[in-house]
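Colleague: Single-letter residue listing:
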Amino acid sequence: MSQSYNRGLIEDFGRWREFEAGMWAWIFHKFTGWVLIGYLFTHIAVLSTGIPAAGATEAAVSAGNDVYTQTIVSLEGLLLVRVLEVGLLAVAVFHMLNGTRLLLTDLGIGLGAQDKSFYASLILTGAITVASVPTFIAGAF
Amino acid sequence: MAERYSSFQKGGRMWLLQRVTAVFLLVVLAFHFFLLHFVHHADEVSFLASRGRMESLSYYSLMITFLVTATFHGVNGVYNALINQGLTGTKRTVIKWTLVAASVVLIVQGIRTANAWAGIGLY
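Residue numbers (our numbering), protein chains in the order written: chain A, 1 to 141; chain G, 1 to 123.
So here's chain G without its partners, still in its complex pose (with noise of 0.2 Å):
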């Protein structure tokens, strides 16, 4: 039988989670820019003005999901491409692990930026 060709693979749930995460950066990343930019300008950023912004638990919880999201979607992406390009084997196994890593520190340094403004002791 021919063989059917699809990025579809065993269960595909990271195939599903890059879709799903897509969706919710599509809203959240647009009211990003808009927030940011065009409500307010890039030039008035203050760490007042952030800190007002964090200090709203909506806000606070929304972002942390936006950093959470668009670093999975954002490193999986890049998964996906070097494995296009070819990648296995054991070269596969120390990216995968490299990316998991940085996926986790950028997490982490993201949090505590976040908690610094909310003021939120942890951090």
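This is chain A alone, in the form it adopts within the complex (with noise of 0.2 Å):
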């Protein structure tokens, strides 16, 4: 018969030197999945420009002087908006890697090695930001 255990407020950050390497995990999970939300919503009222740049004449969009066009531009000319591209890039990684870790524990597959997953997750993510760093900051210069 299992074990009944008071486990306390799940998000009592003051215990985090108690925590192990599934909480981190559980935390970083969460602290991505808030920043990729606020990122959503963000997106969307930029990719808005859209709106107005429908209205452009032909010769405009043709010539990338629409609205939309000349928002990104002027946001990608931005180096902190190509380093904070690299951030988000580094937050989704880890979101999606551990979200497919959380998956397979779901159905019980690697529960034995959630700690050492967990630590090939941040691992992977930051190989796969670091290797694509040269990708996000072409032209930035």
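These aren't lab readings, by the way, just hints derived from the structure by calculation. Glycine included, each C-beta is placed from N, C-alpha and C at the ideal position. A portion of the hints provided could be inaccurate.
As the list claims (entries may be wrong) - Simulated crosslink set (BS3-like; lysine-lysine; CA at most 27 Å straight-line):
{"no.": "1", "chain 1": "A", "residue 1": "K116", "chain 2": "A", "residue 2": "K30"}
{"no.": "2", "chain 1": "G", "residue 1": "K91", "chain 2": "A", "residue 2": "K116"}
{"no.": "3", "chain 1": "A", "residue 1": "K30", "chain 2": "G", "residue 2": "K96"}
Unchecked claim - Cβ-to-Cβ under 8 Å is the rule here; a few derived chain A residues that face chain G:
{"no.": "4", "residue": "K30"}
{"no.": "5", "residue": "L36"}
{"no.": "6", "residue": "I44"}
{"no.": "7", "residue": "G50"}
{"no.": "8", "residue": "I51"}
{"no.": "9", "residue": "A53"}
{"no.": "10", "residue": "V61"}
{"no.": "11", "residue": "T69"}
{"no.": "12", "residue": "I72"}
{"no.": "13", "residue": "S74"}
{"no.": "14", "residue": "E76"}
{"no.": "15", "residue": "T135"}
{"no.": "16", "residue": "F136"}
{"no.": "17", "residue": "A138"}
{"no.": "18", "residue": "F141"}
From these two lone chains plus the hints, build me the complex, please.
Modeller: Put into structure tokens, the structure is as follows:
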């Protein structure tokens, strides 16, 4: 028979010194989730400049003089935006890899290695992020 | 009898939907990043190129599905996180419906934008 015990408030961050790999995975997953949903609202807001751009003349659209193209080009011209995009990639990759780990855990796969798969998610996120930097920064200078 | 901890509750439809959307998003988000950062580069984005992609019905419908599933997964994730934080009672109801309203605004605005690109008059 399984044991019942008081887990305390799940997001009691004051207990962080007691956290093990699984708890850190859980916290990072929540944190990256908050960042991603925040970004989704920002992303749609920026993309919405496509609505007034649809009313531009064909000549303006062909020349890239519409408000959407101009907004994206000026944002992508900022080094800060490029750096933030690398951060977004890191956040998204971790959320996806750890999410895969969670889906497998829900299916009872790899329960005994859940700490190792968390560390693997972190290392793989770092590797993919570093490897993507040249692509994400291209043209910023 | 000892209580067994589980995040699965009353029919668990939302629990299941969170996981089904996760599987879909894993594939489509990877595709989205790959297409718009590695095949096309961020500084090459233009209304013309976005319009070209959105005029394809398969791409348009994939992006609308992407928007709806990402909104559900994200907002439901926030709601679950707040419940774990101890959100209950009236506050829980108010926040739930605020999140529902925010989701509707996001999805409507996203569809308007997609329609503007796709040349669909309704935007």
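Colleague: The structure should be examined with respect to each hint, and the outcome stated for every one.
Modeller: Now the hints, each set against the structure:
Proposed proximity of K116 (chain A) and K30 (chain A) is supported: the alpha carbons are some 19 Å apart, at most 27 Å. For a cut-off of 27 Å, the pair hint linking K91 (chain G) to K116 (chain A) is broken: about 38 Å separates their Cα positions. Note on K30 (chain A) and K96 (chain G): the hinted pairing holds, with a Cα-Cα distance of about 18 Å set against a maximum of 27 Å. Interface hint at K30 (chain A): satisfied, since its Cβ lies 5 Å from the closest Cβ of chain G, which is below the 8 Å cut-off.
Because the smallest distance between the Cβ of L36 (chain A) and any Cβ of chain G comes to about 6 Å, under 8 Å, the interface hint for this residue holds. Satisfaction of the interface hint for I44 (chain A) is found here, the shortest Cβ-Cβ separation to chain G being roughly 5 Å, below the 8 Å cut-off. Interface hint status for G50 (chain A): upheld, as the beta-carbon distance to the closest one in chain G is roughly 5 Å, under 8 Å. For I51 (chain A), the interface hint holds, since its Cβ comes within 8 Å of a Cβ in chain G; the closest pair sits about 5 Å apart.
Hint status for A53 (chain A) relative to chain G: holds, with the closest Cβ pair at about 5 Å, below 8 Å. Because the smallest distance between the Cβ of V61 (chain A) and any Cβ of chain G comes to about 5 Å, under 8 Å, the interface hint for this residue holds. The criterion of a C-beta within 8 Å of any C-beta in chain G is met by T69 (chain A), whose closest approach is roughly 5 Å, and the hint holds. This hint holds: I72 (chain A) has a C-beta 5 Å from the nearest C-beta of chain G, less than the 8 Å allowed.
Annotation: S74 (chain A) was flagged as interfacial toward chain G, and the flag is violated, the nearest CB pair being 11 Å apart, outside 8 Å. Among the interface hints, the one on E76 (chain A) holds; its C-beta lies about 5 Å from the nearest C-beta in chain G, closer than the 8 Å criterion. With a cut of 8 Å, the hint placing T135 (chain A) at the interface with chain G holds, because the nearest CB-to-CB distance is about 6 Å. Interface restraint check: F136 (chain A) against chain G, minimum CB-CB distance 7 Å, threshold 8 Å, status holds.
The beta carbon of A138 (chain A) is positioned within 8 Å of a beta carbon in chain G (closest approach about 6 Å), and the interface hint is therefore held. Evaluation of the F141 (chain A) hint against chain G yields a violated restraint, the C-beta minimum of about 11 Å exceeding 8 Å.
Hint violations for this structure: numbers 2, 13 and 18, all remaining hints satisfied.
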